[in-house]
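Since each chain sits alone in its own frame, please combine them into the complex, following the hints.
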Amino acid sequence: MSDRQPLSFHVPEPAVRPGGTPDFSHVSIPRAGSVRRPPVDVKAEDIRDLAYSIIRVLNRESEAVGEWAGLLTDSELLEGLRHMMSLRAFDARMVMGQRQGKTSFYMQHMGEEAVSCAFRKALEPGDMNFPTYRQAGLLIAGGYPMVEMMNQIYSNENDPLKGRQLPVLYSVRDHGFFTVSGNLATQFIQAVGWAMASAIKRDTKIAAAWIGDGSTAESDFHAGLVFASTYKAPVVLNIVNNQWAISTFQGIARGGSGTFAARGLGFGIPALRVDGNDYLAVHAVAKWAVERAHRGLGPTLIEYVTYRVGAHSTSDDPSAYRPKTESDVWPLGDPVIRLKDHLIARGAWSEDRHKQREAEVMAEVIAAQKEAESHGTLHSGPHPSARDMFEGVYAEMPPHLRRQRQQAGY
Amino acid sequence: MPRRTMVEAIRDAMDVAMARDDNVVVFGEDVGYFGGVFRATAGLQQKYGSSRCFDAPINESGIVGAAVGMAAYGLRPCVEIQFADYVYPAYDQIVSEAARLRYRSNGQFTAPMVVRMPTGGGIFGGQTHSQSPEALFTHVCGLKTVVPSNPYDAKGLLITAIEDDDPVIFLEPKRLYNGPFDGHHDRPVTPWSKHPQGEVPDGHYTVPLGKAVIRREGSAVTVLAYGTMVFVAQAAAEEAGVDAEIIDLRTLLPLDLEAITTSVRKTGRCVVVHEATLTSGFGAELASLVQEHCFYHLEAPVMRVTGWDTPYPHAQEWDYFPGPDRIGRTLKAVMEA
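Listed in order, the protein sequences are those of chains A and B.
The numbers in our numbering rise by one with no breaks, and the one at position 409 of the first sequence is 409.
Positions in the second sequence are counted from 1; adding 410 to them yields our numbering.
Extracted from the complex, chain B is given alone in its bound form (with noise of 0.2 Å):
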């Protein structure tokens, strides 16, 4: 089985989809010639030509709109917004149209098409390179939300992504593109070269929007992750000697509700961690949900291990980032209450 890195993954699922639908285009800034600033992009442009493969001005709001333009003529455009953190000037286009458009029109306009971008921290990239963003878009009815966790999923998501019928918005954390993070950054990182999902079949394939997928079986309690956190949950899981069950939730809208609250009602406990600041983030509909459909099952409160409700620092980067040791306290902390 060929081994690739979270960015060769995504490249080669553009890479397929691209060559299974001439509709498919890929564009934003420096995704042409230059193949992307992540390299995500590289050789596409020199393989299906600049009319399918292009740069653009920087302006988000304007690769946003032109691309629910294209959506509306007919064409499945993936387009890249360098980081997470530079959406907001997109965001009027993202949640006031192609969330919309096939609502508003009753289904003679859609927005069949994919915004992708770099999400999260863990990199020394202060406030404006390793915001997560992702209650912003899962608060809009509309749009489906995906944050992959590894090479094998991120390619067969994003296909899934480009095959779908409404928008999506796909965050991918730069953190994970070379090789697996779980928050130990005075330890060396393995490359995906020497891990299993590193593991990314040549060809077509797909992972299904809204299915969750258990990484570590367990009994004690149930952690509900998505994209770095789930490594930082598993190395986490095993330092506090906690029998966590692991849920990379893979897609957040829509959820697999039945996967987390199989596992809850099984474990009788729940934790919830993302990178994202606390404060209305994605793990409070998470931890309502779960308060919702497995009250009589909780033995404990459902607890939250996330960002601090700061904006992302710069030089405090291992004291913001939620690090194997917050969340095996709080793994602990779980288990006695």
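The following block holds chain A by itself, in its conformation from the complex (with noise of 0.2 Å):
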């Protein structure tokens, strides 16, 4: 007989369940200003704080405070209040048109707006993205028209993928925008190996990679921190943490402890943590980590720490898994009311200016939204030709794809 206790299994459990107090006490979120930036040549074992750490430059009076603050202009600031409220626009308008009818499906990106938009305007001309399905704020504040968006989101006539993909996985190859794969993770080492593509052929550009925080647990994230470890690629790797997977906490992929940048130092990769809700302290970061890049130094490791306010998609109901209004007692607030205090705090806005704008930004998208639907929606309207779904699969269609499309009747 052993003396030994039974062995317990251990199931990591988010701290509040529907029906309980949303709490995020035991998330510690540090003074805004208070962490240090280092120069971008720096080793990472230099920086293992910032990896634990968040770096914030909005403070609780609005103020943009510390090192990392200082980079935007007025109007760069209000170009990307603009953007965020563009993306949040869009999304409302989609989630409603899928409820309609006019799309099978969508992704929005309620309380994640300033990732993807203030990421995108660190990168230079010629730099890629391998995004997943929720940074759209790339092509947003890339200056990609809207209606293209919403004619993919459609599978109408003008889909410029021709019907044969899933709503929101967008392929904007000329706006540095990555095919979107249904498969998680697999587009961040291949943000890597184009990375290193980049450096056989002593280019300039460089590459960003994204994921989230569940699809870390990916067998793809492992081999992409140890590629572009290995080969010191000019790579942003970052990962979006908005404490969700559908239904899954962050606990379930992180494993209980550290931090999700702190997975980098173990390959040598220098790891910044972020306020993901804070457009400057993202832009800042990702200037950073881009000149890094750019300079020859390297990857740099970036989490975003957000909160995914909507549900996960539109066959999502997280009211089955989480309070109702833990999203409200978020402590990084909302990233569009952040920069707007802000640039009122500046004096460059005022609430008025603000309502005004909301107002602009949805005539826009309605007028988008008009004339994407003028080329069909998925159940009406025109729409791509079932002779398009043969072709492509190859360079040249083989003969058996011929045999297959006259049998369709093509």
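I should point out that these hints are in silico values taken from the structure, not numbers from a laboratory.
Honestly, I wouldn't trust all of these hints.
Straight-line Cα separation of at most 30 Å, DSS-like style, residue types lysine-lysine; simulated pairs [to be verified]:
| hint | chain 1 | residue 1 | chain 2 | residue 2 |
| --- | --- | --- | --- | --- |
| 1 | A | Lys201 | B | Lys457 |
| 2 | A | Lys324 | A | Lys287 |
| 3 | A | Lys121 | A | Lys43 |
| 4 | A | Lys287 | A | Lys370 |
| 5 | B | Lys621 | A | Lys232 |
| 6 | B | Lys742 | B | Lys621 |
Take a look at the structure:
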């Protein structure tokens, strides 16, 4: 007989479930401006603390403070605000469009607008993003027409992807936006490969990899870190920690210890953790990492601490697994409101102008929507030809596909 | 005409492709300095530098995933998976990504890349050095799958594969690396230097994808084979005294259906042979196509001689491997049907 106690099996649980009182008191939020800004050629081991802190610029008084502040002008900030507001309005209309049966599916960005919108402004022309399905801000802030995004979402006759792809899985090469895959994390290592290619060709372009907190558990996250580290690839490795992977809280992927940023340290990759709802902080950190990559100093890992305010997708109901009001108590607030308040504090904006801008932005989205709908929606109006279904599998259609296309009546 | 082993022909193909196109890069486990565990990349790093030919971490998904990213950038990666048995961690990148990049992006991004991997048994490789996973790739739309059977084809097909704008799975029967093999494991093996198909021209030439070739003309029965089985089938036909027409498919997808149907309509009989396991193997696709396109010409059921539906064993190598006796018995049975 053994005198050992039986082993117990541990399954991490979020602090609160539906019906409970939302509580983020366990999340440690450092003071804005308290984290230093190291030189871009810093060694990973000299900034280990940055992987466990949170870089923040905007304080409670809506002032930009600390070493990461001061990079953006009023007009750049107003432009950033506009991008975030456009993305939010776009989301609202597309969620409604899905409810109205104009498309089968949509995924919104509520609460995470600053991450992709601010990051996009740190890139240089020719750089390539390898996004997930929740970085449409890269397109909006890059000036890609919303009507083209909607054409894809509606799978209509003008869909750039010919109706082949699920809504929001955009592909826009000319805007540095790699084709989004439904298979999670695959793009993370591909971004590293793209960056390796740029270095092999002695090019000046860099890549940006994107992944969510849940998908860091995928094997390709590890592959991406190993290859980025081994070959010192010019890539920015972005982890958007929005606390939730559908119904699974981030503790399931994280293993209940450390931070996602800290995963970079074991690979010798400088790792930063940043307030994902602080447009100025996201931009400053992105700029730092992009500069490192462009100067051939190697990869950087960035964890954006944010919160997925909306449902995972239009097929999801978060009230089944988390308190309905949890987003209200999220300690990093709302990225749009925080930037608006900062601009007001700077004397560059006002509540009235903000309301006016909200109406303008919504009018733009609605106009784009009207135009997109004139080219059809999923179930009505013009749509891609069934003939298109057989194109593009290969560079040239092989005989068996020609036979199948004929069988299909085309 | 210079003579080369299949390994030397494959190395020569990469050498030729790298010399012609700066965008061709070669990498994989032990591929760089050491030149590969089968010597297929020997000398390439010295000749082209470590930015064109380099060692990779032991991570198959990483190797193929990085190659997809490089291909999306505009390079033409030719990567190696050390054994086909170890390709499974990369399966997601191959199936979900490389194969679909062109389709899902409507041609904005493409994956002009080759994934080379030694395949097949007959070498006492046991469970994880003997598998023939081609059916896992022929089932995937967007991929091309190639299996050469001799040095001349290996070089020409690999150059074509590297120059092809679509992802190609290039399966190299490692049993054939140093010489042809007819399944008679108790006899000495002839090296490629003594075999006419060991004649491999210097420089650039191509063998088209999607084109089969008749290795032995015959009138009694059509044998569809590829890789090592081409030689085993030839031995079986001679020893069984059956006038078989043996077709080396060379490319499994796209498939040379015309060569197959022309032959089967002539002979009226068909036997499919492959090393891979039977159930849902590529032979099932071949048998199905033959009955669909040649039904009124068939005088006997289409038969398959394949590996058994078991993992590839070690001690029972020659009971597992579809040798000339097994194939010969089936050829006779089909003739008597």
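Give me the numbers of the hints this structure contradicts, sorted from smallest to largest. 2, 4, 5
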